[in-house]
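*Asks:* Spelled out from the first residue to the last, the chains are:
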Amino acid sequence: ETGVTQSPTHLIKTRGQQVTLRCSSQSGHNTVSWYQQALGQGPQFIFQYYREEENGRGNFPPRFSGLQFPNYSSELNVNALELDDSALYLCASSATGFRAQETQYFGPGTRLLVL
Amino acid sequence: QKEVEQDPGPLSVPEGAIVSLNCTYSNSAFQYFMWYRQYSRKGPELLMYTYSSGNKEDGRFTAQVDKSSKYISLFIRDSQPSDSATYLCAMSARNQFYFGTGTSLTVIP
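Chains as they are written, first to last, in our numbering: chain A, 1 to 115; chain B, 1001 to 1109.
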């Protein structure tokens, strides 16, 4: 098991609502990335935070936003939920910024269902 | 065209077989190449990574990268039932990170 934890494990929301997902990084890691994994698909990169600043972003609309805190824990916020947002949301932590992406450690994910 | 293409399988092999998993990519800017294993209802787990063409070996696993052909492979020797999982290739360049769709592997005892 990695030291990355995520909460909650499961969540059900309705279309139009807002959701906040949380991630606690592995000890000593200052970089966190968030991914969306639809059923039967590979993870899609949402964005990465390094030392509390957004450090890279995938092809996701602005209603997907994030925060990283001084203790390097992180939040993913999604506004105006759509049915297609139903997926497993994964966070991954790594040690030293984007050059260390090859050594990301993933949490178990939060499974979000939007009705 | 997707950045990374991976055959989703499923792939079913007998215990002890050699397994070959492959991905192709289109972006020549990719610098890092990784293979992850994902068990059902778990997050991906890093198996191997490399940043150059050639082979890298770790126990029963060998990762191969051919940048000229934009093709990467993962070989599993002496496959075990515990290797049954989804295998994801992944690649990164600058601040972007791309996964394949994953290949589902079942090793039959």
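It is possible that part of the hints are untrue.
Simulated crosslink set (SDA-like; lysine to any residue; CA at most 25 Å straight-line) [as the list claims (entries may be wrong)]:
| # | chain 1 | residue 1 | chain 2 | residue 2 |
| --- | --- | --- | --- | --- |
| 1 | B | K1056 | B | S1082 |
| 2 | B | K1002 | A | F64 |
| 3 | B | K1002 | A | L83 |
| 4 | B | K1070 | A | K13 |
| 5 | B | K1067 | B | E1015 |
| 6 | B | K1002 | B | L1046 |
| 7 | B | K1056 | A | K13 |
| 8 | B | K1070 | A | G56 |
| 9 | A | K13 | A | P70 |
Calculated from the structure, these hints are not laboratory results. Since the structure is predicted, the reported quantities are computational estimates derived from the model, not experimental observations.
*Asks:* Look at each hint and say if it fits the structure.
*Replies:* Taking the hints in turn, this is what the structure says about them:
no. : hint                   : verdict
1   : K1056(B) with S1082(B) : 22 Å, holds
2   : K1002(B) with F64(A)   : 22 Å, holds
3   : K1002(B) with L83(A)   : 23 Å, holds
4   : K1070(B) with K13(A)   : 41 Å, violated
5   : K1067(B) with E1015(B) : 31 Å, violated
6   : K1002(B) with L1046(B) : 22 Å, holds
7   : K1056(B) with K13(A)   : 44 Å, violated
8   : K1070(B) with G56(A)   : 24 Å, holds
9   : K13(A) with P70(A)     : 29 Å, violated
In terms of the numbered hints stated before, the structure departs from hints 4, 5, 7, 9, listed from lowest to highest.
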